[in-house]
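2 protein chains.
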Amino acid sequence: MRIETICTGDELLTGLTSDTNSRFFQEALLDRTGLTVRRGVVVGDDRADIIEALQQAVSRADVVLVSGGLGPTSDDLTAECAAAAAGVPLVQSDTALRHIEERFKARGIVLSENNRRQAQVPQGAEVVLNQEGSAPMFIQRFPAGALSTPLGMNGGCLVFFVPGVPREYRHLVGLHVVPRIAALKGSPEVRKLALLKTTGLPESHLDERVAPLAVKYPKVLFGFRTHPPENHLKLLATGATEAETSALLEQVVNEARAVLGPTCFGRDAETLPGVVLARLEARKEFLALAESCTGGMIAEQLTASPGASKSFYGGAATYLDEAKTQWLGVPEGLIAQFGAVSSECAEAMAKNVREHTGVQWSLSTTGWAGPSGGDAENPVGTVYIGIAGPDGVKVVKHRFHGDRERVRSFASTTALDLLRKRLEGESS
Amino acid sequence: MRIETICTGDELLTGLTSDTNSRFFQEALLDRTGLTVRRGVVVGDDRADIIEALQQAVSRADVVLVSGGLGPTSDDLTAECAAAAAGVPLVQSDTALRHIEERFKARGIVLSENNRRQAQVPQGAEVVLNQEGSAPMFIQRFPAGALSTPLGMNGGCLVFFVPGVPREYRHLVGLHVVPRIAALKGSPEVRKLALLKTTGLPESHLDERVAPLAVKYPKVLFGFRTHPPENHLKLLATGATEAETSALLEQVVNEARAVLGPTCFGRDAETLPGVVLARLEARKEFLALAESCTGGMIAEQLTASPGASKSFYGGAATYLDEAKTQWLGVPEGLIAQFGAVSSECAEAMAKNVREHTGVQWSLSTTGWAGPSGGDAENPVGTVYIGIAGPDGVKVVKHRFHGDRERVRSFASTTALDLLRKRLEGESS
Chain A
1393 MRIETICTGD ELLTGLTSDT NSRFFQEALL DRTGLTVRRG VVVGDDRADI IEALQQAVSR
1453 ADVVLVSGGL GPTSDDLTAE CAAAAAGVPL VQSDTALRHI EERFKARGIV LSENNRRQAQ
1513 VPQGAEVVLN QEGSAPMFIQ RFPAGALSTP LGMNGGCLVF FVPGVPREYR HLVGLHVVPR
1573 IAALKGSPEV RKLALLKTTG LPESHLDERV APLAVKYPKV LFGFRTHPPE NHLKLLATGA
1633 TEAETSALLE QVVNEARAVL GPTCFGRDAE TLPGVVLARL EARKEFLALA ESCTGGMIAE
1693 QLTASPGASK SFYGGAATYL DEAKTQWLGV PEGLIAQFGA VSSECAEAMA KNVREHTGVQ
1753 WSLSTTGWAG PSGGDAENPV GTVYIGIAGP DGVKVVKHRF HGDRERVRSF ASTTALDLLR
1813 KRLEGESS
Chain B
1393 MRIETICTGD ELLTGLTSDT NSRFFQEALL DRTGLTVRRG VVVGDDRADI IEALQQAVSR
1453 ADVVLVSGGL GPTSDDLTAE CAAAAAGVPL VQSDTALRHI EERFKARGIV LSENNRRQAQ
1513 VPQGAEVVLN QEGSAPMFIQ RFPAGALSTP LGMNGGCLVF FVPGVPREYR HLVGLHVVPR
1573 IAALKGSPEV RKLALLKTTG LPESHLDERV APLAVKYPKV LFGFRTHPPE NHLKLLATGA
1633 TEAETSALLE QVVNEARAVL GPTCFGRDAE TLPGVVLARL EARKEFLALA ESCTGGMIAE
1693 QLTASPGASK SFYGGAATYL DEAKTQWLGV PEGLIAQFGA VSSECAEAMA KNVREHTGVQ
1753 WSLSTTGWAG PSGGDAENPV GTVYIGIAGP DGVKVVKHRF HGDRERVRSF ASTTALDLLR
1813 KRLEGESS
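Chains as they are written, first to last, in the working numbering: chain A, 1393 to 1820; chain B, 1393 to 1820.
Careful, some of the hints might be misleading.
If several chains are the same, the list does not tell them apart, and a pair holds so long as it fits within one copy or across any two.
What the hints assert, rightly or not - Below 27 Å or equal to it, Euclidean Cα-Cα: the simulated DSSO-like pairs (lysine-lysine) are:
1. 1702 <-> 1789
2. 1676 <-> 1608
3. 1626 <-> 1786
4. 1789 <-> 1497
5. 1626 <-> 1813
To be clear, the hints were calculated from the coordinates, so they are not data collected in a lab.
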């Protein structure tokens, strides 16, 4: 089955934004069906370009995924180009219009004429409602034309049109597009995927550690995905039956976890903040934070998990030195003597926030996130991470590389991982 | 001048890696020449696909930038495909071979037969040495063929072939490709881009508000881009000279800002947190936060800006009710009577954090981010946002839609925007 993608949008061709959607589709497609995309095309908001790209794609491919250009504005041209490429008129979808009307009504927003345009689809297209936005998804079958050389699939090409807004794209592609392609493929082979998530281990080391397992299990595909500060090991098992595939996958997961040791913090949908919260909840313990250079990032990551209130007390983003003194009781003299970016300050922050709140655990961060600041002893990228618990306070000094965002993100993950290892009884 | 790009590499189609090179080229091209790419194609390491993509691109475009597939391994097919597409043989470039030999000698590495392959280029191609790697860049002119309809440029298409390794790509594209395109262009037409950023205005309303301007200024391209919770208006002006284009763009920017009013918070690289911090800094005032449902997100967004310490005091992510009481002095009785998700609680949080820290401004958030929680009066998505300043405290109740992340993100942006409008003297 030959699959192609077309992304539309001037902003994808002028350096304003990158196409992150296609990677989501590629991964989901590979995981679910073992298929890969053969060609990806990006075109601007230009009628002739969109129509030409569409006609060429349907002449080559069995399935095409088109994204973007379904919004309410005048530069959203995809539906009319789809109709033009197929030689059919645009017609109003009553279901889509009703969906849009209800959506706007629920939000108390007045429906504009432009929003009604979003209910126009090419004649003959199947409409799939979009629970995450107003633009509907639609599916259109292009027959094998005079110029076309499709590889099969009833002699035509199936084209999925989805909005380009990432949240809507992911929702519709995950829920409708990939499952339909999987059904079209119709292979009896069962595939199962596991994702093992690590942090603190470079991708090349991860690869080396599991290399012997990849040789031992040829029916499992080993892949690596880097999502700094995390590296993920992707295991895709293939088998004849559900039971056989599950058994094979679990065996490899167990052996991989054994060689990865404590660097592996979770599996599949587990997140590092989620794992930390679950460990705390199981112990009926609470965490408080005192963040300086991470400025609320650790708190934000923890509270992204529903139910964080079962083990997260709260956090102080004490950005100014005055805040460290006033909220956390870090002595002015300590900051004057050692500086705010120091082991002493990180220790006082962690110790004091734990004592003031009466919780079992606390984490603190203080460092130079850059681009300015730092000195010879503590250059930009230096972060002191403090952890306080029932058995005392400890501070670890790190040096992270990269820009401000990267330093803050690595510091947040490293702090959470420090607590995770402590809770799991590992010495870090 | 019509410009297209082709990126080759299986890894770009299987979710393993994203194409970040194209964005670099697009930005450099726009900045330097005002030109934009018309189409971007990604193909795998497959001879037929590469040749077809190349032939189609040279039949449409004046300039094509091809990247990837110039390495030493067997799946590096670009040079042979270029030769096949042009109908010429591959020949050895002595300059390229000498460069490779010297490079390996300097590093004390033995030259393999595969590395010698990297000196093979299509006959007639111009070789440009690559100071960042062993694969040379080459430039090949494709004549206007029977099927081609090029727009000009001496009736043919100029194709640049560069390695896909980001460091090498950026070096060669910045040093050779973009300057050559700028020289080719030699046209007096200048393009300039402005981005106006809004929040609190649906995309369709944004479009309607500026529609009369788009009619009035046909030499300015109006585009829209949604980055929830923000919507951006993109203005691309075209003119004969630098001065004329700048004047036109500034005129349209001013008129657009006038019709957008206070919903427009910034321009180009400005961010909402950055604008808030700048407004505070100009007034020599400070902000403190008391976040519940946003759990540190506002603090995180503010501290993502370097120099946040000039106007951000710090924030308390008071997630538990105990934290609200203990850190912010919100009376237990108030929470018992009205609940933590209430106007009263938001007011007390904002008022108290301002008083305790002694700063001029404070923001508070408390609400149900979901998926669980809420009641008939305050369903999931309800967020109370408090703002306290020299002229008192005010609380606004909002109802946001979507998942937990979306509610938190909209609440954070709405809170920051409330302060921005207050600082800019607007009543919200």
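Taking the hints in turn, this is what the structure says about them:
no.	hint	result
1	1702 <-> 1789	between (30 Å within a copy, 26 Å between copies)
2	1676 <-> 1608	neither (41 Å within a copy, 65 Å between copies)
3	1626 <-> 1786	neither (34 Å within a copy, 50 Å between copies)
4	1789 <-> 1497	between (54 Å within a copy, 19 Å between copies)
5	1626 <-> 1813	within (22 Å within a copy, 47 Å between copies)
Violated hints for the displayed structure, listed by number in ascending order: 2 and 3.
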